[in-house]
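With chain B's structure known, arrange chain A on it following the hints.
These protein sequence lines map, in sequence, to chains B and A. Be aware that the first sequence starts at 343, since it is given in the working numbering, and climbs by one per residue. Be aware that the second sequence starts at 1022, since it is given in the working numbering, and climbs by one per residue.
Mixed in with the good hints, there may be bad ones.
As the list claims (entries may be wrong) - Straight-line alpha carbon distances no greater than 25 Å define the calculated DSS-like cross-link-like pairs of lysine-lysine that follow:
1. B/K460 with A/K1126
2. B/K493 with B/K504
3. B/K504 with B/K475
4. B/K444 with B/K429
5. A/K1055 with B/K445
6. B/K505 with A/K1080
7. B/K460 with A/K1080
8. B/K475 with B/K486
9. B/K460 with A/K1045
10. B/K504 with A/K1063
11. A/K1036 with B/K476
12. B/K432 with B/K460
13. B/K460 with B/K395
14. B/K486 with A/K1045
15. A/K1070 with A/K1036
16. A/K1070 with B/K504
17. B/K475 with A/K1045
18. B/K460 with A/K1081
19. A/K1036 with B/K513
20. B/K513 with B/K486
21. B/K445 with B/K397
22. B/K477 with A/K1055
23. B/K505 with A/K1063
24. B/K440 with B/K417
25. B/K476 with A/K1055
26. A/K1076 with B/K505
27. B/K505 with B/K475
28. B/K505 with A/K1081
Don't read these hints as lab results, they were simulated from the structure.
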Amino acid sequence: MPVKLNQGKVSLRVLKEKTDYIILGEILHYIWENFLIAGKDFFSLSPDSEEFKKKVELYIKKALAFYQEPLPQRKNISEKVKEIIEKIFKSNEFGNFKELIKKEDIVAIYREPEGFFKEDSDFLDLRPDIIIKKKDEWIILELKLHKEFDKTQLENYYTLLKKIFPNDNIKVYLISFEPFKVELIYYQKANVDEKMSSYPTQLPLFKNFN
Amino acid sequence: MKRCLLIPPSSHFLKTLTNLFLDKYSLNNPNILKVWCIFPTKRAGLYFKNYLKEKAELKKIRAGFFPKVQSLEEFVENLYTDLTDFPSPQVPDVLKVFAFLGVLKKKKSFF
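This is chain B alone, in the form it adopts within the complex:
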């Protein structure tokens, strides 16, 4: 009598396999982070220049090196990434992004920083994509391939910085690659009154006794 196997369909997510869209998103993510932390101002390069094309090629190779063979769609993904990046550099929205990351204002860029905050009795672990420290504000950048996703993720990142730096300017931006869009989702304005105590040498311990 033949053996009959009844095996249910297992989703790719359970098997931890990645779809082409996930890989594409991860690669764009890696490249964008490297562009941001690159010493030279990469974002001012023309998308038609040789230097731009070489750099993009290099970072695509580096990003793809994280994926083990067999990955037959390697060439297609590489072409798609190039196409998306060129489109981004030629888009009108790209000017807004360049304004956001003006080198002279930036004090530090933290790539995939890990943080936590306590909500009720549980600790929430978080890892925003990029945190930029500017002279007068903190900026969180969340990179996504498409615009649709769960917004609570951004709310948690915002809460994290709000709890650590309650008196600072905090902005949370969502950056979607396809189509390219820079969107301000949360914004906290610095509490200037709180920052400047009534007497500059006053100890914080006594500030509530005024």
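This is chain A only, laid out in the frame that chain B set:
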């Protein structure tokens, strides 16, 4: 500056390390993000982060940052990809270590 600390085998390694780490760094200072902690396994790094959270609770810290915690395998892989111009996914881990050693050799001041 002390570059090497000896943790006696009689004490709990990760808990002692957590205490030593928090003597020097504060979880709510963003400078902690520039510190890299490399552990032999992912599991050790995960436990280290849990002990950091336990300590944060004791110190009444409700939000903070972690240092960059990686396993040795992740560290070597990231370093190999970042430092090599044409990294290949086919290169075995042992060879990736050479890229890491090459960098250390160039930056002797590291030692």
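Exercise. Of the numbered hints stated previously, which ones are contradicted by the structure, given in increasing order?
Worked result: Hints 1, 10, 11, 12, 13, 14, 19, 23 and 24 contradicted; others consistent.
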